[in-house]
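Student: The chain contents come next:
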Amino acid sequence: MSESIIEIKNVNKWFGDFQVLKDINLEVQAKQKIVVCGPSGSGKSTLIRCINRLEEHQQGNIIVDGNELNENTKNIEAIRAEVGMVFQQFNLFPHLSILDNCTLAPIWVKKMPKKDAEELAMQQLEKVQIADQAVKFPGQLSGGQQQRCAIARALCMQPKIMLFDEPTSALDPEMIKEVLDAMVNLANAGMTMIVVTHEMGFAKEVADEVIFMDEGMIVEKAKTKEFFDNPKSDRTKLFLSQIL
Amino acid sequence: MNYKNILKADENNYKTFLPIGLVLIFISLTDVFLNSFLKINITSSLPENFSFFSPLILGLIGLQLIRIEYSGIKSIDLLNKNINNNNFNALLTLLIIFCIFKAFPPALSWMILDANISGDTKDACTGTGACWTYIKVWLRRFMYGMYPNELHWRINSAFILVIGLGFAGYFFKDNLKKYLALYYVIIYPLIAFLVIYYLISGGSFGLTWVETGAWGGLSLTFIVSFFCLIFCFPLGMILALGRRSNLPTIRYISVGYIEFWRGVPLITVLFMSSVMFPMFLPQDFFMDKLVRVIIAITLFEGAYCAEVIRGGLQALPRGQYDAAKSLGMGYWKMHIFVILPQALKLVIPGICNTFLALVKDTPLIFVVGLSELAGMLALAKTNPKWLGFAMEGYVFAAIIFWIICYAMSKYSYNLEAKYKTER
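Chains as they are written, first to last, in the numbering used here: chain A, 160 to 403; chain F, 84 to 506.
In isolation and in its complexed conformation, chain A is listed as follows (with noise of 0.2 Å):
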């Protein structure tokens, strides 16, 4: 086995009293797709986040490509910016056109220069397809086009890692199509992802491991084929039996 990007060993975390991450162990390898389901309220979403530290870990060790996360980390910033995030409500930025959203972290965070950042962008943006909206603002595009686009921002800083929070969530139904087969087209090209999310097609297409998760722990972690087909507990099982 190669060696793993991610390292999440012995996570727990707490909000207040109320413990979300009960005692989590995963291992990434670089390249794997896994995508995290499960219901509301299971630490999911948290677990990402945690990921690239936006949210901290009160116990256990999370280790991203040989840097372990703790509150001495100094170069947090450089982390994150090989951790790609996507999130429900894109948070694109509202000031800024499609193409400055792009450009300003390559510019700013990677000195990149800006001709070499608007090409890399513009590279981005017609890989999801939004090319021709460029120079519109965030407000005057679709909730696809919209999450599309904050793929292609995440991905302008040419991560080694993509994490995605239910990235469809928000969507009408008719978009979620393009914005799954712009993920699709990523993982195709080997990208390493993290993916929260409910869509089942997806996870069977592309995941290497499906992790379901509840109450903040992990129940069931399992090859993509074993999981849907083969569950084991029940849990994971009734939750199937619903989303299915």
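Note that these hints are calculated values from the structure, not bench results.
Quick caveat: nothing in here was measured; it's all calculated off a predicted structure.
Hints are supplied without guarantee of correctness; some may be wrong.
[Unchecked claim] Mimicking BS3-like on lysine-lysine, the simulated pairs with C-alpha atoms at most 27 Å apart in a straight line are:
| no. | chain 1 | residue 1 | chain 2 | residue 2 |
| --- | --- | --- | --- | --- |
| 1 | A | Lys295 | F | Lys256 |
| 2 | A | Lys273 | F | Lys468 |
| 3 | A | Lys274 | F | Lys256 |
| 4 | F | Lys501 | F | Lys416 |
| 5 | A | Lys319 | F | Lys416 |
| 6 | F | Lys501 | A | Lys273 |
| 7 | F | Lys501 | A | Lys269 |
Since the structure of chain A is provided, determine the placement of chain F on it from the hints.
Tutor: Using the frame of chain A, we list chain F on its own:
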């Protein structure tokens, strides 16, 4: 037919009701109009009590007669919908129109028709109206204070220079655009200060020294407002960020600062700055009164700005912070490129509010002996040769302040429209 509805216009009778109603309203308005503008009372033949109320009664009946749901005549439908939809609103409408008719002629005749502007002395004012001669004679004092007459060109040219430099940002080439903020926050205030110091104060380059005590009038209002505005905004920004900082020391210092300055009246701050503050300074250390006043107002208004800006910061969804962080931006990059541009856009109305209040607070600097526009008025009205013209002076000052403030609020609307983006 219900007796209550006899006077109610409907689709059957509106063709007769409408003209009668309009005629009654016309009579009512003409009566009041002639009465107040030309002092003719067309209803004088009627008993006195009725004569007094007749316009109101006639107008109400008229409005009642034309009140129909849909007449097909655009202006009447509009009238019915907006100011004549029930009896109470009709009454209010009439009363307001009458008040305007009654108040306008006296104001007009005081300000213009019976007013005087010719001559150079008090004796020129003979009419019952305003004596604008007073304003004319004192205009230079109101504009420039006690600044020597022959040196007024220095103030004028300094202002032209400062305004010109202010517009310079518009002509920056694209490759200089990124230094725009730096220019306006640091370089521009510095240059403006030097211009005002060397031109208005003088003392070098062959210009005679004019002490700040002699400055005054509207030009001083501008100088004080200008420096306070451009300094209190960055201060407020830093304090607002400090108040939301994760570092307890910075947060508590900011909170303490804001709460302290918001809790004391400006007039005491100014008083302290001029009377108490020098006591704590070393003997040979000298700071000009005007500079002390500007610092005091800046510190004071900075606290207000901070709270306004904090409102904008809190209005932004958390996702904006998350997105910026997830792209690897640090605290400053996140705030400069993502958070502040959006937050400041949201607080334009609030900031404009604070700035207007600041401009209108400048007359308070009289407590330290500086006389800007309102202060000069207070001086002029006690001049033995020109007693009894306080009214003209204050009306003049009110108009000037209104023009300044209205221009500022218009500008803020423009900014809002310019930076409006859809979310």
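Student: Indicate, hint by hint, whether the structure satisfies it.
Tutor: Okay, the hints, checked on the actual structure:
1. A:Lys295 / F:Lys256: holds (24 Å)
2. A:Lys273 / F:Lys468: violated (69 Å)
3. A:Lys274 / F:Lys256: Satisfied, since the Cα-Cα distance of roughly 18 Å is no more than 27 Å.
4. F:Lys501 / F:Lys416: holds (24 Å)
5. A:Lys319 / F:Lys416: Given that 27 Å is the threshold and the Cα spacing comes to 22 Å, the pair holds.
6. F:Lys501 / A:Lys273: Between F:Lys501 and A:Lys273 the Cα gap is close to 25 Å, so the pair holds against 27 Å.
7. F:Lys501 / A:Lys269: Violated, at roughly 31 Å.
The structure is inconsistent with the numbered hints 2 and 7, although it conforms to all the rest.
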